[in-house]
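Number of protein chains: 4
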Amino acid sequence: MTYNIAILGASGYTGAELIRLIAGHSSMTIKALGGNSKAGQQMSEVFPHLRHLDLPALVTIDDIDFSGIDLCFCALPHKTSQEVIAALPKTLKIVDLSADFRLRDPAEYEKWYGNPHAALEQQKEAVYGLTEFYRKEIAAARLVAGTGCNAATGQFALRPLVAAGVIDLDEIILDLKCAVSGAGRALKENLLHAELSEGYHAYALGSTHRHLGEFDQEFSAIAGRTVQVQFTPHLVPANRGILATCYVKGSADEIHATLQKAYSDEPFIEVLPMGEAPSTRHIRGSNFCHIGVVADRVEGRVIVVAALDNLTKGSSGQALQNANLMLGLEETEGLMMAPLFP
Amino acid sequence: MTYNIAILGASGYTGAELIRLIAGHSSMTIKALGGNSKAGQQMSEVFPHLRHLDLPALVTIDDIDFSGIDLCFCALPHKTSQEVIAALPKTLKIVDLSADFRLRDPAEYEKWYGNPHAALEQQKEAVYGLTEFYRKEIAAARLVAGTGCNAATGQFALRPLVAAGVIDLDEIILDLKCAVSGAGRALKENLLHAELSEGYHAYALGSTHRHLGEFDQEFSAIAGRTVQVQFTPHLVPANRGILATCYVKGSADEIHATLQKAYSDEPFIEVLPMGEAPSTRHIRGSNFCHIGVVADRVEGRVIVVAALDNLTKGSSGQALQNANLMLGLEETEGLMMAPLFP
Amino acid sequence: MTYNIAILGASGYTGAELIRLIAGHSSMTIKALGGNSKAGQQMSEVFPHLRHLDLPALVTIDDIDFSGIDLCFCALPHKTSQEVIAALPKTLKIVDLSADFRLRDPAEYEKWYGNPHAALEQQKEAVYGLTEFYRKEIAAARLVAGTGCNAATGQFALRPLVAAGVIDLDEIILDLKCAVSGAGRALKENLLHAELSEGYHAYALGSTHRHLGEFDQEFSAIAGRTVQVQFTPHLVPANRGILATCYVKGSADEIHATLQKAYSDEPFIEVLPMGEAPSTRHIRGSNFCHIGVVADRVEGRVIVVAALDNLTKGSSGQALQNANLMLGLEETEGLMMAPLFP
Amino acid sequence: MTYNIAILGASGYTGAELIRLIAGHSSMTIKALGGNSKAGQQMSEVFPHLRHLDLPALVTIDDIDFSGIDLCFCALPHKTSQEVIAALPKTLKIVDLSADFRLRDPAEYEKWYGNPHAALEQQKEAVYGLTEFYRKEIAAARLVAGTGCNAATGQFALRPLVAAGVIDLDEIILDLKCAVSGAGRALKENLLHAELSEGYHAYALGSTHRHLGEFDQEFSAIAGRTVQVQFTPHLVPANRGILATCYVKGSADEIHATLQKAYSDEPFIEVLPMGEAPSTRHIRGSNFCHIGVVADRVEGRVIVVAALDNLTKGSSGQALQNANLMLGLEETEGLMMAPLFP
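Residue numbers (our numbering), protein chains in the order written: chain B, 1 to 342; chain A, 1 to 342; chain Y, 1 to 342; chain S, 1 to 342.
Mixed in with the good hints, there may be bad ones.
Copies of the same chain are indistinguishable here, so a pair counts whether it falls within one copy or spans any two.
[What the hints assert, rightly or not] The calculated lysine to any residue pairs, modelled on SDA-like cross-linking and capped at a C-alpha distance of 25 Å, are: (1) Lys-249 <-> Gly-213; (2) Lys-249 <-> Gln-228; (3) Lys-261 <-> Gly-206; (4) Lys-90 <-> Ala-118; (5) Lys-188 <-> Ala-57; (6) Lys-249 <-> Glu-330; (7) Lys-79 <-> Ala-107; (8) Lys-93 <-> Ile-69; (9) Lys-188 <-> Glu-45; (10) Lys-111 <-> Gly-275; (11) Lys-31 <-> Ala-204; (12) Lys-31 <-> Pro-267; (13) Lys-31 <-> Met-336; (14) Lys-188 <-> Ser-264; (15) Lys-111 <-> Glu-189.
If you are wondering where the hints come from, they were derived from the structure by calculation, not from laboratory data.
Put together the whole structure using the sequences plus the hints.
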């Protein structure tokens, strides 16, 4: 059986990544592509790398007939997404890739994103889409909220440790290095090749990045107390990949064992042998996440490093993984491609 | 049914690319990986991006039992390859990715590669592996010689034009821009990131590049007369991709029509609409080749541009395409993945 | 003695490059920086790499008092530049970096740039700023028109050859590879790091690039007949540098000797030994131009390759070289810094 | 007056950087270039970007006549450097760029570098070359030991804070992002463009990097107690630049004020306004170091970020700054060039 798929926001990078992945999926067919700003264009114009595929043209979202659609991916900007989703059929299965349904508390949403939430009803039913930790809820959900790509990386490194209580919850530092596609197709001077290449810098310092809302929500819920991590993202001159270097306090052996146990059956999470650390070059273009643990020379200090591709495991790959669960398909379908190296 | 595959030279880039592709192939299983210099190592050490796959460890070629192998890919350096292949079972199907069996005339081989050929018997039976033009011969072959990646790109742009006689055969210039993975994993100063990035240059100027042997052989054979193209490769700071800018003389419309007709049924060759030109970013990581035709302001001058991924369509993807034919499988099996962009 | 300098369009790349160079100049002081869109900002905000310099804040052009200014650099977009320059004091020495005064024939200007020229009077007095060939005229000029960066590169490779009549004037092909800073700070999707890096393509194919107006004007003037070169620029993933690969017909030895003779006394033009070819990585950040000559295997065909930094020798370095001449200073003042490698 | 300079190890990146800088120095002349592995070659062959300079050919170190040399830069690998320096004239002024004379305690040297020190006498007289903090000692020294490039970056961010006692000495984390030229011209697979570009990773995790010896020595000496920072370097795909993100505990305002006061008269150290953070793209190719301070959302936690060019301020620029002091010249001579951007 083949499921009919719609993608809203198909002219952005996560939209294109969804199409790349679904093109290799055995039981999904793309029936509609929505993108208001480029409506009327063929995908081969918007993304010539998809030229070989037989895809519907881009249309405005209003022009999509959702009656035959089994599942809809929303790859729209936040705020737009909640407005669009509020107007979609109430029975349509939806995987949202925006930030709009990640935070369960509307006040937290407003605090981090600056506007009151406009789809409170949908927000209530939304399930947080970190597949490995919400598998059952996702399978039963109508609306799944894809996680932030930074938030996913940090949680893969730290969730089992917070849950097991094997690290000091008051001393967690996440130093993230993020590739530029995470900023989307936005036209900003600092994203130009001439400005970005050959340089790197920290941004959103002082723990002001919006993905902190997710860390706060999830880590505090697991720990049963307030947990506030320190989180500094850096922009590096590469297109794909997040490397999260996490500084924690605990026993390196216990931390490694906890991660190994947590992920022993996971198809996409690989815990490296003790003392090894991952590289983004080894997960590029794939749905895999590599995690390493190294003890510091100072007793009781440990570095946990996680690497994933922000466009795949960090957003569109995760979204497809969730969609597979929601449709009762094999969770790994369309997602087992090997990374692209070099 | 599943075919058993061996890969010799599995610690190089084309070897790794073969494994990446075969990992997504429905009826091939990798049974042996040969690599003398890294024998004894696991592939997860040599290529951590393949860590998720269940692969045999690297062994010396002598340690491989070929009795259960259906097809062997040789991704060894030239000269080594002919020596190894001469010693392999005479009934084993082989796809060679080196330069050793591309030239049919041993004198031409010696002229371009500097040593007398050491496997003349095998050379006689080898079929030139440019799939789209030797499909029938490849399906019937025991030994197929993969083409040079530059040679493939130039031929996709020009072969139908030479065959149809629609361009001036004495005035063909190929200006190629090649990514660095084409140079392999060789340890050379000029391939270091610090030296290569942010700069570009022409090399092998004066038409001294070895792939000219293939152009001479193939174009002259098609034309029934000596054809000597002028060919200048450039090394650009990117990892994958060849862009061939071909300067020819003829009618742009006739040239475009000739290419469209030649490739109308080809699954991997896309001729763009008249006046459009391809980019390597739109074929990266895929087996597709995009070709564009543009008329110059000077009447009778035409630019034909072809783009492909040197590691995929230019070598390992081509090799798998040929292997599919040799094993009676669907030619496109394992090769339809979309390009990786961004 | 110190000359007072104004720079209009100081918030673009060529403006910033002028400031970088003048910061090391012994007898120029920057007195005014004009930039309408960012007026009111400090240069340390617009270009933090200039933070250590004591520079005037950006102001609107109307707010600049030109009475104490000895020389003004205009690094404004074309069309804007002619309007601004038409309104500047008629005695002010000006080096314009835009395209507005490069073409002597107003009809040619309109053909390539699409609008009628709005400063015909100034256009008449403007001198074409290719220093090495218009030295005397530049020294005496009030208004000098900086050349196109591609046009400069191609002319350095070919002007002496056209003048000496040692190449076939009907068979000249220029295949240029250009870094991205040549496109300026414009916000376009294809200039984003995520889109540009890791890929390359030809643009303005069919000899439609505006710099052809300069080639036509200059080569035809030298040759005393119409000369129409074929010119295809390519965008490569690097920030600085133009590599011009020129395919010509003639005697390699004669061509090499002609170039050596033409540039034997030039401080910035280096002709490499016969058979060697330049690389952009060896001129980055400098005012040097390297030129190489190689004979093709086909008798009578020759490749001439020139490399320069588009922001330095291709625009702002050239502009300063011209300003030095106009002010009676040493031509090389402020321009002898070595390239930055790696 | 002009001083005669020798550079040993002139075929590596720091050697080439010294030549680039000295080429713009008003009172130094390069009289000898030593490089055993490339002895006999011209610098234009080894580093074509220096082609325009009139430089002596490379010779073996034994072939250099040091009698007329005023100062010698040693840019040799560690271990080799101490052996060579032990044999140089005892009165020759020397700036060493290797690791050999950075650690005052021979046992510490042996612990971090694995071999007993072979020039104990010279080690005793060596002065640690962090100019801003050892100015007087350097001016009087015969032998100055250039610092590690990572060590310099971290110390610029933290030394004044350790000295003033405004941060918790037991809770210092340095997360460094380093460009690839810091690894030198070594031929290693992971430094190839195809492997390094588009990916990033942490290395020497667990605080095992050799530059920790310098941090331990210097911070402990200032604090008057043992200080052990946690230090994790990362390799990022760029050629120049170190970004040190330092996680400390204290008052952001006090930290910022301490740094501002410490560096208020320094020509090369720029403390950014409170809340701003530096980028490596804004110091590339220059001798400047930019430092920023940002308060974290969690009270009492602060991020200090420092950026410098590893080849300039991190090694060869620092070396020249020290040489200027040793020769009684203006400290900033030859070092005030603006950064190269873009």
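* Kindly indicate which numbered hints from before are broken by the structure, ordering the numbers from low to high. => Failing hints, ascending: 6, 11, 14 and 15.
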